Amino acid sequence: MKIIDLTHTISADMPVYPGTERPKLKAANTYENDGFKETLLTMFSHTGTHMDPPAHLFAHRTTLDSFPVEHFVGQGLVIDCSDLTEGQQITFKYIENVRSKADKADFILFYTGWDKYWGTNKYFGKYPYITYDVADYLIKSNKKGVGLDVIGIDPISDVNLSIHKKLFAENDIVVIENLTNLEKIGQEPFTFCALPLKFENSDGAPIRAIAMLN
1 MKIIDLTHTI SADMPVYPGT ERPKLKAANT YENDGFKETL LTMFSHTGTH
51 MDPPAHLFAH RTTLDSFPVE HFVGQGLVID CSDLTEGQQI TFKYIENVRS
101 KADKADFILF YTGWDKYWGT NKYFGKYPYI TYDVADYLIK SNKKGVGLDV
151 IGIDPISDVN LSIHKKLFAE NDIVVIENLT NLEKIGQEPF TFCALPLKFE
201 NSDGAPIRAI AMLN
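If you read the sequence shown in this note's numbering, its first letter stands for residue 1, the second for the next number, and so on.
The set of hints was computed from the structure by calculation and includes no laboratory data. Wrong hints could be hidden among the right ones.
DSSO-like cross-link-like pairs, simulated, lysine-lysine; straight-line CA separation at most 27 angstroms [said to hold, decoys possible]: (1) Lys184 x Lys116; (2) Lys166 x Lys198; (3) Lys166 x Lys184; (4) Lys93 x Lys116; (5) Lys2 x Lys140; (6) Lys184 x Lys101; (7) Lys198 x Lys165; (8) Lys2 x Lys165; (9) Lys126 x Lys198; (10) Lys93 x Lys122; (11) Lys166 x Lys101; (12) Lys24 x Lys104; (13) Lys24 x Lys101; (14) Lys165 x Lys93; (15) Lys24 x Lys184; (16) Lys122 x Lys140; (17) Lys140 x Lys104; (18) Lys165 x Lys126; (19) Lys37 x Lys26; (20) Lys166 x Lys126; (21) Lys104 x Lys2; (22) Lys104 x Lys37.
Label pairs and their calculated CB-CB ranges [unchecked claim]: (23) Asp83 x Thr39: 20 to 28 angstroms; (24) Ser66 x Lys126: 19 to 27 angstroms; (25) Val69 x Leu40: 22 to 30 angstroms; (26) Gln88 x His60: 31 to 39 angstroms; (27) Asp83 x Leu195: 27 to 35 angstroms.
Here the structure is a predicted model, which means the values were calculated and not measured. For glycine and all other residues, C-beta sits at the position ideal for the given N, C-alpha and C.
My request is simple: use the sequences and hints to build the entire structure.
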């Protein structure tokens, strides 16, 4: 079995969503003073590679900690959209091209290649994003989740977060943002595992996402 890490490392100088503070990693205890090392982490719940639940946008919808743990593991499929350029849409044709595999998957992960801009201003620019038709498919096919290697499932200009709201209004689906290394997986189904930090009334959380290839 081959394991591929799909997670960006959390660091004090990492990219964060515009307007959000970067995480702080403060030495709380040191080898010299205390005989052991411990770090005080201070960060927003949507830092780095992270997961959004419906409660991210709707007050009385499902929080991340209330999802059953099996929701975070399932069959994944990477769909290659790396031919897209700035501001172009991930349309339903990308799913149609692999429809038989997509229908069987629990998680659809869109590979745009945008993670190569991680740490640059372009990462926050006009990245590719999914259409309403794609969102409709994810809902009707009862997917556990959708993921991308960009900072958001909506375009950066959409302050209303329209795609998020469409997915979350009535469905228990999760959105995974800021993935990386999707190009290493290939085009065949695989086991996807994305475990969020579990805290009470969670509106979202950093995750450790991995692909397990047979």
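Name the hints, by number, that the structure is in violation of.
Hints 3, 5, 8, 9, 12, 13, 15, 16, 22, 23 and 24 not satisfied by this model.
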